[in-house]
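Counting from 366, one number per residue, gives the positions in the sequence shown under our numbering.
No lab work stands behind these hints: they were computed from the structure.
Every residue gets a Cβ at the ideal spot worked out from N, C-alpha and C, and that includes glycine.
Certain hints may be false.
What follows is a list of derived Cβ distance ranges for each label pair [what the hints assert, rightly or not]:
# : residue 1 : residue 2 : range
1 : Q622      : T559      : 35 to 43 Å
2 : P632      : P536      : 17 to 25 Å
3 : E648      : T559      : 27 to 35 Å
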Amino acid sequence: MSAERPGRLARIDDRLIPRFAGAIRATARAAGRVGRLTGPVGRGAARWGRRNPTIATALVAVVAAVVLIVITGGDTRHPIAPAPPVASVVLPGNTLGPAQGQEVSTYLSEAEQRRSDLDASQAARVTAIVDLQSYLNASATEQLFTNLPDITVDQVYARSPQPNGRVHAIPLSAGSDLSVVLTSVTTQARDFLTLFHRYVREERTSPSAAVFQQIQANRARAAQARLDVAGVGASVGCVFAVEVTGPPGELRSLSTQPDVRILDPAPSNVSVEDLMVVPLLPEVQSGPVPVLEFAQPY
Numbered sequence: 366m367s368a369e370r371p372g373r374l375a376r377i378d379d380r381l382i383p384r385f386a387g388a389i390r391a392t393a394r395a396a397g398r399v400g401r402l403t404g405p406v407g408r409g410a411a412r413w414g415r416r417n418p419t420i421a422t423a424l425v426a427v428v429a430a431v432v433l434i435v436i437t438g439g440d441t442r443h444p445i446a447p448a449p450p451v452a453s454v455v456l457p458g459n460t461l462g463p464a465q466g467q468e469v470s471t472y473l474s475e476a477e478q479r480r481s482d483l484d485a486s487q488a489a490r491v492t493a494i495v496d497l498q499s500y501l502n503a504s505a506t507e508q509l510f511t512n513l514p515d516i517t518v519d520q521v522y523a524r525s526p527q528p529n530g531r532v533h534a535i536p537l538s539a540g541s542d543l544s545v546v547l548t549s550v551t552t553q554a555r556d557f558l559t560l561f562h563r564y565v566r567e568e569r570t571s572p573s574a575a576v577f578q579q580i581q582a583n584r585a586r587a588a589q590a591r592l593d594v595a596g597v598g599a600s601v602g603c604v605f606a607v608e609v610t611g612p613p614g615e616l617r618s619l620s621t622q623p624d625v626r627i628l629d630p631a632p633s634n635v636s637v638e639d640l641m642v643v644p645l646l647p648e649v650q651s652g653p654v655p656v657l658e659f660a661q662p663y
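Could you put the whole structure together from the sequences, leaning on the hints where they help?
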């Protein structure tokens, strides 16, 4: 959820603050006229305010803004923007990775055969999906490529290992820092929860149909966000697969590392853009391959 999203930052109407400040000043002057500001502090403040009207107005405006933010929680009650649709990954017949319902053992055997075919590959670069034995943190994931400089990581697949954690397919560009990218997912999830909880508090104190609708429409995203805050980030094990491109020789070297479960190269006669890339979760050891649940963007 970007910083520009409505409701994320408190915005005080420029016309409201001066009017609010003016009302307070008028009240103070009236109170002075009826003798309520009789103490030395009150009289001194009134004299100072008359001598410095601009500064006094600014101070009162600041106080007014603080009071409004405290009362409202900084929420302007703009609706939570709908989640962008999850990009379609259904391209029948061109799958890189296991097909839904395929037996895990069958897939691993076929992927190993495709990996062994790299020995005879004449391609300059090949794209492959690399499934890991377990969930790795950012540092451990990057260590996989320390001595393989010609391999490019195109996409990372991460999720909270907790039950019901959904998959984040995170594209990387040249020079991307995986720790920063994973931290941004956590930050977006936390910011979304902050906004969602404001609506929950509003529903308790001033229920309305509009607020109730916002809560109901975003419950599933809030549940996902809680899992992501707890289980996705730079220092936690959440990366379980990567999509890479590199020379066949370096891909073979990558496939022999202990943390790699299987490296499955893409068919040479199929454009990578036409592939449905499907990673395999570490906990799926046998039986049919389940459907992956992809996370909604924040």
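Can the suggested window of 17 to 25 Å be confirmed for the beta-carbon pair P632 and P536?
-> Given range 17 to 25 Å: holds, Cβ gap about 21 Å.
CB of Q622 to CB of T559, is that within 35 to 43 Å?
-> 39 Å, holds
E648 versus T559 beta-carbon gap, inside 27 to 35 Å or not | 31 Å, holds
Of the numbered hints listed earlier, not one is contradicted by the structure.
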